[in-house]
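K.L.:
Here the protein sequences come in this chain order: G and E. Take the first sequence: its position 19, counting from 1, is numbered 18 in numbering that gives the first Met the number 0, and each next residue is one higher. Take the second sequence: its position 57, counting from 1, is numbered 56 in numbering that gives the first Met the number 0, and each next residue is one higher.
FYI, nobody ran anything at the bench for these hints, they're computed from the structure. Here the structure is a predicted model, which means the values were calculated and not measured. Cβ atoms here follow ideal geometry from the backbone N, Cα and C, with glycine treated the same way.
Calculated cross-link-like contacts (lysine-lysine; reagent style DSSO-like; alpha-carbon spacing at most 27 Å):
1. G/LYS246 to G/LYS21
2. G/LYS21 to G/LYS243
3. G/LYS213 to E/LYS42
4. G/LYS243 to G/LYS18
5. G/LYS21 to G/LYS144
6. E/LYS42 to G/LYS18
7. G/LYS246 to G/LYS135
8. G/LYS135 to G/LYS125
9. G/LYS144 to G/LYS101
10. G/LYS21 to E/LYS42
11. G/LYS249 to G/LYS144
12. E/LYS45 to G/LYS18
13. G/LYS135 to G/LYS249
14. G/LYS21 to E/LYS45
15. G/LYS178 to G/LYS167
16. G/LYS135 to G/LYS213
17. G/LYS213 to E/LYS45
18. G/LYS18 to G/LYS213
19. G/LYS213 to E/LYS48
20. G/LYS246 to G/LYS101
21. G/LYS213 to G/LYS125
Chain E regions said to be covered by chain G (calculated; three or more residues, Cβ under 8 Å):
22. 3 to 11
23. 16 to 28
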Amino acid sequence: MSEDMYTPEAKIDVSSIPKDAKIRRFGPVHRIMHGVLIVAINIQFFTGIPLRYRNAGWAQWMFNQVGGVPVMGLLHRIGGVAFLLVVLMHAAWLIYYVFIKKGQWYGDTSILFRLEDLYHVVGNIKYMLGRGPEPKFGRYNYWEKFDWMAVFWGSMIIGATGAAIMAKNYLMTLNLLPKQFYNVATILHSDEAVLAMGFLYVAHWYGAHWNPAKFPINTVVFTGIETREELEDERPGEWELLEKDPKWLKERLIEDEEPRRK
Amino acid sequence: MGFDFMSAFNALLLLWGAVWIPIFLVLIIAVFLGLYNPHDEEKRRKWQKGTWVAFFAILIFYLIILSRNHVGLN
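All chains should be built: construct the whole structure from the sequences, respecting the hints.
P.N.:
This is how it looks when you write it as structure tokens:
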């Protein structure tokens, strides 16, 4: 390889990076977690919602397809365990990211809400009404942050109440909690599930896949890769950060089989 | 028993999900097999048309199955 060719050690000339250059957005851990979450949460919806409306005719028909209410309940518990595993996997990753990798847990590249997101919400409404420029979104825009937060708080409520309902018979023998607790837990569990299903099947799918720029599917969460053009267009704030930090850009830039010329 | 709005709403949401899940599954498989590339605009338009065809085909298929089994919203 001649010296004028790009090597990971060489300094990156940002202007030489072509528009179709591949840049990593999600690593394998996040992609696997998202994949397991898709499977687990859809099992939960298709088994849990009929259990909530067990007297409805359509729910009865669904029970008959799988072999009855006990089978549906069993499938719901299996899905629940898979869901809790994803939550634990994510918690473990967060601990690794913050305490071992010393990653930024709050700031420009964090998924946590900041005051800037409020300005982006106002700016985006103005943009959609044709009264201002598109906000310069960073690594995660406000609706992506909301997607993550929704799963985060949803998993707390659904996970805790689901675990309590699953262990109801054992917990009742301990006499720690009043009987009414389990009724309230069931209502919280199923109401949060309806909220989650409505949000995922409408807002998340529209924001991620059905918006005209991405329809029929946004591939980034499955392949983990986006192009420079997409990144610059959709997340100019993040691209500016990458331009200022060649080391980070080098880490995320995916080289083709043929080395790219400087 | 009267009409239960929330039961019907949830049934419709499940039907909506049941229509889109197989479409997304095929699209995800196509992405990994290299059959779908979002950066090839011409091919993307074909996949967009295919998605709508699949959407209506699956929806009609479900509606036929549900009506033959007398499954309603309540």
